[in-house]
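K.L.:
Spelled out, the chains give:
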Amino acid sequence: MANISGNAYALTVLSPIKNGCIGDSSYQISYADEVQSRLHGLGVCEDSPLAKVPQTYLARFFILDDVFLESTPGCDSFCNLWDILSIFKERFRLLALPREDHLKSRYLVFSSNFHGDLESYLRGMWSAVSADIKHIWEHCVAFDRVQDVEGFIAYIKRCQLTANLFFNGSTDDPLEEQLKALYLKQQFVKFAVSHQGLGAAELQDAFRAFIGRVQPNQLATPTWRPGQSIP
Amino acid sequence: MTQQLDLPDIQGNIIRAYGRFGFPKARFFFLKINDGDSGRDFVGTITKRVTTSVSWGPPPKGVIPKPKAPINIAFTYNGLKALGLPRASLAGFPEEFAMGMKARKEILGDDGPSAPERWDKVWQKHEDVHVALAINGQTPEEKEQPPLKYVEEAYQWVMSQIDASGGGVVLLTGHRGDEGQDDLPFQDASLLYDKSGNIMAKEHFGYTDGIGDPVFEGQITEEYRVVGRGKLTREGGWARLETGEFLLGHPDEAHEYPPAPPPTLLSRNGTFMVYRKLHQNVASFERLLDAHAESFSGDRELLAAKLSGRWRDNGAPIAHTPDAASKAEWDKLFYAAIAAKDERTVDKMLADFRFDLMGYKCPIGAHIRRINPRGSLEFGQDGAYNTPGALDDRRRILRRGLPYGVVRDPVSDDGNHGVIFMALNTSIERQFEFVQQQWINYANDSKEGSDKDVLLGNHSDPNGACPSKMVTHADPKSGRPPYFVNKIPRLVETRGGDYFFIPSMTALRMIAGGKVDPT
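Note that the protein sequences, when read in sequence, are chains A and B.
Reminder that position 201 of the first sequence reads as 201 in the working numbering, one-by-one numbering, no gaps.
Reminder that position 451 of the second sequence reads as 451 in the working numbering, one-by-one numbering, no gaps.
With the rest of the complex left out, here is chain A (with noise of 0.2 angstroms):
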């Protein structure tokens, strides 16, 4: 399956958002523009809803407005067929301009890669994020009917779209260990500038503080946070 890529998978829904406004006469906005609002409010880096959610290695929202117009289509043998008829009757030449399609709705759109199967995913998502959840999802059609975990799981799942093209831009270990690994390393980096030259026994006895001091079978701490963006 597409959305799998050994322990990674990849996530994308399209939640249709409701037409039509909210607020008074004095003040209208659509309710698309309402959740655009609210997502441009969630915080960045560790301070983003996103950060807290467990397994997650890369996720992010937006909202697609339409779909984008393919413009003039390259020419097949069907094209350069109406461009013969079109000598004789201008209605060939229209035929040969593509379709201009639109979405009945603006959508929400989440795409998240993360470690595990979905519906634990989705569990520690909402046991982590719900506020932010039913804060960023509240406007979308029929998301007034979730009202528990099961409800969230049901409904993401009715919104999934399959991925087509998968391209994991990490492992896929658990974060955890991702997340050690990258403060081992930088961690590791650091021993070795400051210790380089040092004899073996000295090396040995400065290593030995070193992997107490970093621990590195203990996943939990110290470590990288999900969402750090500066040592």
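For the record, the hints were derived by calculation from the structure and aren't laboratory data.
Derived Cβ-Cβ restraints for the label pairs, each shown as a range: (1) PRO216(A) / ASN198(B): 53 to 61 angstroms; (2) SER111(A) / LYS515(B): 50 to 58 angstroms; (3) ASN7(A) / ARG87(B): 54 to 62 angstroms; (4) ARG87(B) / PHE62(A): 35 to 43 angstroms; (5) GLY151(A) / TYR385(B): 47 to 55 angstroms; (6) CYS466(B) / PHE62(A): 26 to 34 angstroms; (7) CYS466(B) / PHE166(A): 32 to 40 angstroms; (8) GLY6(A) / THR264(B): 48 to 56 angstroms.
As a list, the in silico DMTMM-like pairs of lysine to aspartate or glutamate whose alpha-carbon atoms are at most 25 angstroms apart: (9) LYS202(B) / GLU179(B); (10) LYS487(B) / ASP205(A); (11) LYS447(B) / GLU378(B); (12) LYS185(A) / ASP445(B); (13) LYS447(B) / ASP173(A); (14) LYS447(B) / GLU177(A); (15) LYS190(A) / ASP461(B); (16) LYS190(A) / ASP290(B); (17) LYS447(B) / ASP172(A); (18) LYS190(A) / ASP445(B); (19) LYS487(B) / GLU202(A); (20) LYS477(B) / GLU202(A); (21) LYS190(A) / GLU448(B); (22) LYS190(A) / GLU294(B); (23) LYS190(A) / ASP475(B); (24) LYS134(A) / ASP117(A); (25) LYS185(A) / ASP461(B); (26) LYS185(A) / GLU448(B); (27) LYS185(A) / ASP475(B).
Counterexamples of contact, computed for chain B against chain A with all Cβ distances above 12 angstroms: (28) PRO67; (29) LEU90; (30) ALA254; (31) ARG394.
Yeah, the Cβ is synthetic: ideal placement off N, Cα and C, and Gly gets one too.
Starting from the structure of chain A, add chain B where the hints point.
P.N.:
Okay, now just chain B, sitting in the frame of chain A:
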């Protein structure tokens, strides 16, 4: 058929570097145009004295006598505007050129001691800098004559033209000088001299400079100079780079014309110049070598060579001379070739090399490997690109700079000494700025994390939270560990500069005549 360039249409110092042909002196100065009409008249007068790329020397090779002091001219975006270029032509210039160098400081890493507010005064009102004039000069053969005689004569001639403009064109002051001045009307530059007064092709850190300039289609140069200076072919040979990487109006490495403003006549045979005054912290550099020489291996010069990729004394590429023994062997052959006046061999020894994949000989972070990776970015994945150097070929720049000042106090960074760095390319953004941002101040492409070029990088406080480091790799078979050069201070600081357009002679005449018509 090989490219035949219209040499009388191309300004001098583009096709070949004056520095290599007996012009050890230079003076740069900058003008403001207060009035379009007198500005255009001034340009017209100067144009008649501008030195082109026509070959000089005795016939049949030379067409004109070798000039004593070639004059060249270039313009900022604001300068072209002041000269009355039509809006449609101005709008066709690339964005980075229109913005100017100061506004590109985040991309260039001009922060801290390199920040624009610390630049020479002349750059503080950069919107006033309209015209760059460069006078390069021979030195008189008679020893009793002042070395700057020819430069001074040409300079005085230009000054008289400025005077004649009646205030329409003014000279801008504000260059720092040797005696602590901050308001000099010009920036002098000069090749350095050794203790016996002989010219050396060196910069203030002691490295031999200007060996690896690109060679491109249409350049008149010995064919053997293509080796190590052109582009790598899949077969392992070298070919000339496309003209359009360095001259507008000619096809480039992507087989298209580089973006240029209309009309074609305005841009064709012109190019863009990056002018940067770079102060060198020579004392800090020597202290860095001192701090590491002992723990590195005891060989201070080998360490200096690892940082740059070439040995300081004669430019020997460390890719061929990774230790003292191989260097001694190389030196023997090199000096024999010099004694025999065998220029071809001398050139081959300096230029014909590639980098070892793992950096055991030439570190991956060495200066010359960063700025021109010579195909090493393919990183052992043969056939990843069309040619091994496909990524490098679009990032090459012609360097036309000269050192300035002298180091008076070797234990202090202060003073007035460095390099007037001048780079020529058809896309400042794609070529110079990319190299500066990605290859000098960052190392993702070479898989060296966020390490910076030791010599040119905008290093942060060496005692701060994230001091710079560089890895000198060691072959695991040798049993030695790699060596980390850490706590690297900032060795080069920007003192000013801007982006200029060097028009062709045709374009100069059009600008002077107010005849630029983009329609």
